[in-house]
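Chains E and Z supply the protein sequences, listed in that same order.
Heads up: take any position in the first sequence, counting from 1, add 456, and you land on this note's numbering.
Heads up: take any position in the second sequence, counting from 1, add 1, and you land on this note's numbering.
For the record, the hints were derived by calculation from the structure and aren't laboratory data.
Keep in mind that this is a model prediction, so the values were computed, not measured.
All C-beta atoms, glycine included, are put in the ideal place defined by N, C-alpha and C.
Possibly wrong hints are sitting among the right ones.
Example chain Z residues on the side facing chain E (calculated, C-beta under 10 Å, incomplete) [claimed, not checked]:
hint, residue
1, Cys14
2, Gly17
3, Leu47
4, Gly54
5, Ser55
6, Phe92
7, Ile94
8, Gly110
9, Arg112
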Amino acid sequence: QKEVEQDPGPLSVPEGAIVSLNCTYSNSAFQYFMWYRQYSRKGPELLMYTYSSGNKEDGRFTAQVDKSSKYISLFIRDSQPSDSATYLCAMSGGGFKTIFGAGTRLFVKA
Amino acid sequence: GAVVSQHPSWVICKSGTSVKIECRSLDFQATTMFWYRQFPKQSLMLMATSNEGSKATYEQGVEKDKFLINHASLTLSTLTVTSAHPEDSSFYICSARNQGGETQYFGPGTRLLVL
């Protein structure tokens, strides 16, 4: 079993749609959960950072962590073409190295 | 937010030459820096972790004599690809983390093409 599973997509949605991106993980020791956005030929950019379980909202983005299910989500409301990118989940803590998901490619069509 | 720069952003070199890539944390002290490699449409592959003033820790399968890493200060780490060959062509990305932090901040990446 992989330490983190993330559907690579691609995920194609119309502009204005709500996007749901998810990752599952296996190590219950992880405590810190991140979402990065990576545009083509660029380095990843930190979008959201959450500690332990719960929700965190920042503008059109909402991150959810369910540690009991080892499941994290990123929701994007009112998606825009500029949101088209690859989204990587990441997690760390408990003395373990940061683990990155494979990334989900998102296309938002105008 | 935390800013990490990388230089150069792209480089083309002849086979057999060495290439140095710099990674700088501009507004925070990076006690730990990471070097990744990324192939097209693939995820990040961690190459090595470096702590300021210490030798880098390389991931399994990464040749330490091929990829020399120096982390001489709290704001600068360098990756030198020695005797580069076409198979070393890739996108190299660094990230930095401050002491006690769990979040990595990434540089914009360096695209290396070895002819």
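Interface restraint verdict for Z/Gly54 against chain E (beta-carbon cut-off 10 Å): Violated, because the Cβ-Cβ distance from Z/Gly54 to chain E comes to roughly 20 Å (cut-off 10 Å).
Return the status of the interface hint for Z/Gly110: holds when the least beta-carbon distance to chain E is below 10 Å, violated otherwise. Z/Gly110 check passes; min Cβ-Cβ to chain E is 4 Å, inside 10 Å.
Is the hint on Z/Gly17 kept, meaning its closest Cβ partner in chain E is under 10 Å away? violated, 26 Å
Does Z/Ile94 hold up as a contact with chain E if the rule is Cβ-Cβ below 10 Å? holds, 5 Å
Using 10 Å as the Cβ threshold, decide whether Z/Phe92 counts as touching chain E. With Cβ-Cβ at 7 Å, under 10 Å, it holds.
Does Z/Ser55 pass the interface check with chain E, least Cβ-Cβ distance below 10 Å? Status violated, d = 16 Å.
Cut-off 10 Å, beta-carbon criterion: hint that Z/Leu47 touches chain E: holds, 8 Å
Does Z/Arg112 pass the interface check with chain E, least Cβ-Cβ distance below 10 Å? Holds, about 7 Å.
Hint Z/Cys14 vs chain E: min CB-CB distance below 10 Å? violated, 19 Å
Violated hints, in rising order: 1, 2, 4 and 5; the structure is consistent with all others.
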